[in-house]
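Visitor: Chains A and B, in that order, are what the protein sequence lines are.
The first sequence begins at 1 in the UniProt record's numbering and counts up by one.
The second sequence begins at 1 in the UniProt record's numbering and counts up by one.
Worth flagging that the hints you see were computed from the coordinates, not collected in a lab.
Glycine is no exception: its CB is placed at the ideal position from the N, C-alpha and C atoms.
Errors might be hidden in some of the hints.
[Said to hold, decoys possible] A few chain A residues that don't get close to chain B, going by computed Cβ distances all over 12 Å:
#1 T84
#2 G93
#3 F114
#4 V207
#5 G257
#6 A306
#7 R335
[As the list claims (entries may be wrong)] Listed next, with one range per pair, are the computed distances between beta-carbon atoms:
#8 A:N218 <-> B:R239: 26 to 34 Å
#9 B:T303 <-> A:T33: 22 to 30 Å
#10 A:Q297 <-> B:W218: 58 to 66 Å
#11 A:A346 <-> B:A242: 50 to 58 Å
#12 B:S134 <-> A:P272: 40 to 48 Å
#13 B:R239 <-> A:E50: 23 to 31 Å
#14 B:T278 <-> A:K79: 47 to 55 Å
#15 A:S217 <-> B:D245: 34 to 42 Å
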Amino acid sequence: MALKSTPVVFGLMTRLSRRSFSTSKALASKPMTVRDALNQALDEEMARDERVFLLGEEVAQYDGAYKVSRGLWKKYGDKRVIDTPITEAGFAGIAVGAAFAGLRPICEFMTFNFSMQAIDHVINSAAKTFYMSAGTVPVPIVFRGPNGAASGVAAQHSQCFGAWYSHCPGLKVLMPYSSEDAKGLLKAAIRDPDPVVVLEDEIMYGVQFPMSDEALSNDFVIPIGKAKIERPGQHITLVCAGKATDTALQAANELAGNGIECEVINLRSLRPLDFETIAQSVAKTHHLVTVEQGWPQSGIGAEICARVMESPAFFELDAPAWRVTGADVPMPYARGLEALALPRPADVAAAARAVLGNRISQAAQQ
Amino acid sequence: MSKLIPNAAKFFAGSTITKTAAPVVTTSTSKYSTKSEATFEIKPYKLHKLEKGPATSATLTSEDALKIYEKLAVLRRIETASGNLYKEKIIRGFCHLYSGQEAVAVGMRAAMRDVDTVITAYRCHGWTHLMGVSVLGVLSELTGRRTGCSRGKGGSMHLYGRNFYGGNGIVGAQAPLGAGVALAHKYRGDGGVTFTLYGDGAANQGQLFEAYNMAKLWDLPCVFVCENNGYGMGTSVDRSSASTDYYSRGDYVPGIWVDGMDVIATREATRYAIDYCTSGKGPLVMEMETYRYSGHSMSDPGTSYRTRDEVQEVRQTRDPITSFKEKIISRELVTPDQLKEIDTKVRKEVDEATKQAKTEPEVGTEELSGDVYYNNLEPYIRGLHPDAPLQHCEVVARN
Ligand SMILES: Cc1ncc(C[n+]2csc(CCOP(=O)(O)OP(=O)(O)O)c2C)c(N)n1
Ligand SMILES: [Mg+2]
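Here chain B stands alone, though its shape is the one from the complex (with noise of 0.2 Å):
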């Protein structure tokens, strides 16, 4: 974005020269952004049995665009120490990281309202800090300690929060949950709308289309949400999937086809589909088409089927976060400084977090046998042999 000046302020401190070339006006304020508000384009959704899309335009404020920006910034910060913790070895067994699906989430997040719910597979640490857990919270359940969302007995596929109801490791398993959920919201009548989240590996179980249908002939507000992010472990969308146009895969059930790989394309989406939900028109499905970056999990290098050529094409061309950038500084909603205090801001925050993570210990022993039951009604929970009784306890205070 050489086009602008960042900071001018700054740069030119205690200097006379001015830099005639720039087409942008500054102000005094040049290190804040200069418009309020601007108008984006969005690549045309495709629509499945709908009659009429979400907006094809959406105006994004600066204030928005920070705090979007923030959040894309910190779900791919969690991701790169959540990958070096693997490599030390510090985080054990599956690790999946979300990299390049940042805007599948924030945008969603952003469009979300308190109300609302969400269930998602095992690629879940960005989505657990979306709704609300803390960096440290995340971190600390993938290295297994105390101060994890978790207490260190879920790990890395088991996270939870606030209207937040996991990280499911059963491939698919996500999917009638999050249409029970949605089922509560009707019946508590609290109008809200339960996000189902699966991939593209998912979009082939069979309880999928079991949920559909049940969805639809009971009208949830539940959107199913399918993340193509192009490959299901090793196998590509096209050997899995007999048709990959996933949007369309609920046959009565209407779909929409967005570009997962921008934010504000994802955000208006939602923002469409909450709208259809709460209408009381019954469910939808959604296909963002996004990209992983890393293997499927920290195991898997994720090079055998696909070429490096390819990762490094979406990087440098469909970026989530590279390219919103570009999007809001050349609009002039934000500058290149205020963003770079972000990425400092949100290093600190993750690396901190990270130091912490490691640090922490682990949950006494005695929470091995703690909360398998809400309401245990035996004396003892048994250990590894008749000598070795385990007492239940309610780690969780019980309401």
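Looking at chain A on its own, in the form it has when it is part of the complex (with noise of 0.2 Å):
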């Protein structure tokens, strides 16, 4: 297959710092942090709707395990913030039970990796009750945390539960990247009248990224199911949610350095999955990358690769899409072994590579 598309050498390439990276308008100005991002958002709903209410571990009087509840206890006392005893099972489904009767719960997880305790109330309770009972128990309540690996906490705290929440059906799914997604997709969660599961991160709680004026406002809210375009491009179309925008992006910055233009999509919904802004971008690229930090198997990239495959889309592209992913094993603990699990910049580069440069089918024999 010929490329219909043929890398262009740039000159002048800016780099800007990773850290940096403008996610929005030029006019962006303060920058903030995730965490506080997603401070902004609860605060402002909380003062927006009586209904809204926060319970998780230690969400209250210290502040939240990561510090993104900072200051609400004290603002708006024990009625409001609750902090739970260790208790996944029953707070998850106490907190359903609110929804069910109107409240608007943000059930706290302190991290997705002990919502597997609770899993049973997110499915069977919170997703499954609004079609159970035939749109007569309507289930408003925002589950939410850090997902996915941190660093150095091994195989029992390290996993991305993406593709396990996204496929199930009732529940929404978010998965912001910048701190502008953290704000409007977590207002536009709470102000969900479904379930939605939002997935952040623990390594990005503390990165900086610029807020628009738009996004500093107590009415931003982010679309749900609506990707957004990173980074335009018109080589290679890479796909991505979450912590793995950022190892796509600073992939994007290197290929762009050999002449190399990607299409950066951030996802920030997985459930609904944009495919439309997938496709679009595969009609002008024909080339497919996807890049996620989950395993591989029935992973997002999968999901994604299947839905190429079943449109139009498929016969757009020019080689095979190739999902970037975890490595699928476990997580290790040592230093040199995690690195070796996670999808790095370069590793995407390298797909993106070997997807443009045709070599598949060396793969294949491999």
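Fit the two chains together into the complex; they arrive one by one in their own frames, and the hints show the way.
Guide: Next up, the structure:
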């Protein structure tokens, strides 16, 4: 297959440092950490709607295990910011019940690894009830917390639940990348009438991003189900979400130095999945690589590739699409091994080059 | 312990001065203990649905005293080393120290038999060592090196050893797992008892109550040991638990409250528990009241939810090592010099292990895809993309 587009070498690449990579308008002003953006979203929504309350382990007096809820207990008190015992199945169930009865709980999991203790309530109680009740019992709840691998915390504490939750009808699943994403998506989740899972990332909490004036306002809400093109490009499409967006953007920077322009699509929402934006991009670039931190089998990339197969986007491809994923192993603790278990920018760049270079047959023979 | 004459021979070498104030009869071997055993009173247990509790006094031989002291000292020293390695950024991620709680594990271990089994949570460095893993095996795991007992793949929270099933990072998960290990004891009829340790925070997890029920229903030889150190992360027991009488929370499972700062009490209670469980009466709950000196993990300063005074007060009045030391010296089971010798030996052992744990290499990259399965059925393990296949390997020989 011939390339429909030839890489162009750019003489001048403006390399912005990773930490200050602009994700919004040029007039973007104040930098803000993802943590503060989430905090602002919680604060604004609690102020806006009396029914909204936050519960979870250490969310109140300790200000949150990762300080996302800093100051909220002082401001809103015991009634609306509730420390729970370490009893995920119990408090998640209690939160869902409160949502049945018309409140708008935000249920924080200290990390999503512990949501597995409560997954029955997320799936069986939250996701399915509206359907089972023929639309009579809405479940306006948000489940949120850090997801995926932090550093050096090994197998039981390093897992991406993007594929798990986005598998399930009845749930909406969001995965913010930047501070604007974090604020706009969390606010949308809280206002949404359905159960929404917001998968944050501990490593991103402390990262600063510029916030546009618009994003600083009380009414800034990002529509659920819409992807964002973080970086336009014509040679290859990189689809990613959450922290993987950072990896993809770094890879895109690297590849741009070689004249390969990537279009980086930050999904923002895993369910609903904005396939239209992906298809349009593929129609332009004719090459696709997906990037995620989770395991490959039945993962987010697997879903995207399947949708391409089922659609006319398939005919737009000049080469098979590739998935860049976490390695198919539980997360090891040791620094050296851990680094090999998660995609780095160089792995994404290698995959992009392979797809553009059509080295698929070579790989298949290995 | 100024009342005693420590190592009189050395102390007064070349001198004719004698200290008459000393009430102790010193012999020519005063470097060593003068009494072979002594009996100690134990702070009363609290009982739940039990007629008779463990013995309220216990006899300790000088040999046992020395062994116990050494174990207490090693455990404390391992945690000091771990804390330092974490501060040096050589230990990564989470690192939960056991300092302050040593008497629980050391006393229990002293009563346990070879056939008995243990499972605990992530605060597991001390237990791992007591169950037979060398100091190097523990510390190298924390530094993620080849000589680590999990070859660097598990890290601080996931240590294992013979008859020791971890190191579990999921709060409360070890409770039914321990009951399962106990089921295996009963199934095989090997007479073993399982000790399942969990914290005061974990004590509220639903699965614990599921495990209590089945353990009682099926008379499993399982001792559910609640290490009540006052806090689950930043939450004190009264903010997490509607009843803080953890020893009674098994309802139909009988329970004992034990002073977990007294190694003699924990040993005696464990002996009783083994007796109870091996007589076919089913499970038991043991609450060990104890205290953790450090923050929840190294990243928690541990000062926002409790006062520094509180920590100081426990250190000064209830420290499991200091209090034991005072007891055995004042009862002349050991001399301060003997303990000093142990301290020196322990420091040397742990320091050497620490040094080695820093310099050992990590395991080879091929182990990233090792032991995913006991019996791997696929030619490759998928790597980060289709062009990066990994080879499954068997790091541990299959039997
Ligand atoms: C299911 C689950 N929820 C939450 C956590 C996070 N977490 C780890 S330790 C801990 C506190 C546990 O306290 P406790 O049981 O008293 O044990 P201690 O740390 O005091 O030894 C919490 C909340 C976890 N690891 N697993
Ligand atoms: Mg505790």
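Visitor: Does each hint fit the structure? Answer for all of them.
Guide: Checked hints:
no.: 1; hint: T84; verdict: violated, 8 Å
no.: 2; hint: G93; verdict: violated, 10 Å
no.: 3; hint: F114; verdict: violated, 7 Å
no.: 4; hint: V207; verdict: holds, 18 Å
no.: 5; hint: G257; verdict: holds, 20 Å
no.: 6; hint: A306; verdict: holds, 16 Å
no.: 7; hint: R335; verdict: violated, 6 Å
no.: 8; hint: A:N218 <-> B:R239: 26 to 34 Å; verdict: holds, 33 Å
no.: 9; hint: B:T303 <-> A:T33: 22 to 30 Å; verdict: holds, 24 Å
no.: 10; hint: A:Q297 <-> B:W218: 58 to 66 Å; verdict: violated, 37 Å
no.: 11; hint: A:A346 <-> B:A242: 50 to 58 Å; verdict: holds, 53 Å
no.: 12; hint: B:S134 <-> A:P272: 40 to 48 Å; verdict: violated, 54 Å
no.: 13; hint: B:R239 <-> A:E50: 23 to 31 Å; verdict: holds, 25 Å
no.: 14; hint: B:T278 <-> A:K79: 47 to 55 Å; verdict: holds, 51 Å
no.: 15; hint: A:S217 <-> B:D245: 34 to 42 Å; verdict: violated, 52 Å
Hints 1, 2, 3, 7, 10, 12, 15, counting from the list given before, are not met by this structure.
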